[in-house]
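A.B. asks: All chains should be built: construct the whole structure from the sequences, respecting the hints.
Each chain is listed here by its residues.
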Amino acid sequence: MKITINGDATEVSDGLTVAGLLVERKVKMPEMVSVEVNGEILKREDFSATTINDGDAVEFLYFMGGGA
Amino acid sequence: MNLTDEQVERYSRHIILEQIGAAGQEKLLAAKVLIVGAGGLGSPAALYLAAAGVGTLGIADADAVDLSNLQRQVIHHTADVGTAKVASAGARIRSINPDVRVREHPVRVQASNARDILRDYDFVIDGTDSFASKFLLNDAAWFTRKPLSHAGILRFEGQLMTILPGKSACYRCLFREPPPQGAVPSCSQAGVLGVLAGVIGCLQATEAIKHLLGIGQLLTDALLTYDALTMRFRKVPFRRNLECPLCGENPTVTELAGAPEQACDLSKGCNCAC
Numbered sequence: 001m002k003i004t005i006n007g008d009a010t011e012v013s014d015g016l017t018v019a020g021l022l023v024e025r026k027v028k029m030p031e032m033v034s035v036e037v038n039g040e041i042l043k044r045e046d047f048s049a050t051t052i053n054d055g056d057a058v059e060f061l062y063f064m065g066g067g068a
Numbered sequence: 001m002n003l004t005d006e007q008v009e010r011y012s013r014h015i016i017l018e019q020i021g022a023a024g025q026e027k028l029l030a031a032k033v034l035i036v037g038a039g040g041l042g043s044p045a046a047l048y049l050a051a052a053g054v055g056t057l058g059i060a061d062a063d064a065v066d067l068s069n070l071q072r073q074v075i076h077h078t079a080d081v082g083t084a085k086v087a088s089a090g091a092r093i094r095s096i097n098p099d100v101r102v103r104e105h106p107v108r109v110q111a112s113n114a115r116d117i118l119r120d121y122d123f124v125i126d127g128t129d130s131f132a133s134k135f136l137l138n139d140a141a142w143f144t145r146k147p148l149s150h151a152g153i154l155r156f157e158g159q160l161m162t163i164l165p166g167k168s169a170c171y172r173c174l175f176r177e178p179p180p181q182g183a184v185p186s187c188s189q190a191g192v193l194g195v196l197a198g199v200i201g202c203l204q205a206t207e208a209i210k211h212l213l214g215i216g217q218l219l220t221d222a223l224l225t226y227d228a229l230t231m232r233f234r235k236v237p238f239r240r241n242l243e244c245p246l247c248g249e250n251p252t253v254t255e256l257a258g259a260p261e262q263a264c265d266l267s268k269g270c271n272c273a274c
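From first to last, the protein sequence lines are chains A and B.
Residue 33 in our numbering sits at position 33 of the first sequence, and the numbers go up by one each step.
Residue 181 in our numbering sits at position 181 of the second sequence, and the numbers go up by one each step.
Keep in mind the hints are simulated off the structure, nothing from the lab.
Values in this document were obtained by computation on a predicted structure and should not be read as measured data.
Quick reminder that beta carbons are idealized off the backbone N, C-alpha and C, glycines included.
It is possible that part of the hints are untrue.
Reference excerpt, derived from the structure (chain B facing chain A, CB under 10 Å, subset only) [said to hold, decoys possible]:
1) Arg72
2) Ser133
3) Gly158
4) Pro178
5) Glu243
C.D. replies: Here is the structure:
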């Protein structure tokens with residue numbers, strides 16, 4: 001199926017959960033990312049239960065703690 | 001407040017702007033902005049806010065200038081190595097613009113002092129270098145209802161958002177709590193492009209000025225991300241989270257907390273989460 005990840009159209013496996021998508025996209029440190037699907041921020045504990053659908057807009061938003 | 005002839009000349013490029021004018025410049029001169037961290041983000045923010053004639057600038061930082069800071073912390077010069085950052089930044093601000101009153105806070109902002117330090121300011125800029133400090137400032141801004149520009153940088157990427165407590169989404173709406181210790185690389189492993197800090201710090205200063213003047217649209221309810229390598233800016237909208245542990249309907253963060261944390265210090269090979 002085709003979804004957008006951070007604005008880029010991307011082909012991913014059908015029927016993925018958010019947790020599965022993080023694995024498929026080889027996100028190295030999933031604990032460092034917040035996930036938004038179609039404008040809604042997901043709770044981390046819902047990653048495994050939330051299914052991604054064709055056409056969804058997914059945002060991986062990474063923690064950035066630097067500043068000095 | 002009436003502008004002097006010298007001020008009319010100094011700020012002429014502001015005054016000529018329809019959205020600012022003499023009245024707007026007077027607002028800036030009467031305004032108080034707190035910059036927490038006189039580092040990569042805080043340096044450019046402080047320099048531009050000083051030049052812009054923001055009348056009171058608070059600088060909070062407990063550290064001294066280190067040689068490894070100078071690659072990006074442009075408010076500090078080579079001769080300042082070893083001196084307190086608040087003193088170095090203060091001297092530079094006064095040199096740029098004697099209209100600006102500098103308040104030096106030579107302390108680490110933490111749970112015990114954050115409310116007192118933030119209380120008297122109109123806008124707060126987060127230029128800190130750790131998750132603990134960023135969450136603390138977000139929480140302190142909420143409890144004191146102070147507008148905040150949050151930002152973070154890493155390697156070639158940066159992000160920022162503006163928070164109007166009670167009116168727009170906060171940092172915890174997006175990131176509920178700090179990441180687990182050890183989940184992130186240390187500063188010495190990660191690194192940061194010096195000029196990236198300048199780009200993001202200047203965007204924070206822009207938000208402060210817009211808020212003080214009441215012009216334009218603030219970067220609220222959205223995270224702006226910037227990738228220096230691809231030169232791509234993206235504004236990712238998000239909404240206030242009803243389940244936010246701080247500003248949601250059933251908050252679990254009801255007071256300032258958090259242990260004081262080590263500053264990010266390359267020379268000591270720190271493992272802080274920056």
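A.B. asks: Next, verify each hint and record whether it holds.
C.D. replies: Each hint, compared with the structure:
Proximity of Arg72 of chain B to chain A holds as hinted, the smallest CB-CB distance being about 9 Å (cut-off 10 Å). Hint on Ser133 of chain B holds. Least Cβ distance to chain A is approximately 8 Å, under the 10 Å limit. Satisfaction of the interface hint for Gly158 of chain B is found here, the shortest Cβ-Cβ separation to chain A being roughly 7 Å, below the 10 Å cut-off. The beta carbon of Pro178 of chain B comes within 8 Å of a beta carbon in chain A, closer than 10 Å, and the hint placing it at the interface holds.
A hinted interface residue such as Glu243 of chain B counts as satisfied when its beta carbon comes closer than 10 Å to some beta carbon of chain A; here the least separation is about 7 Å, so the hint holds.
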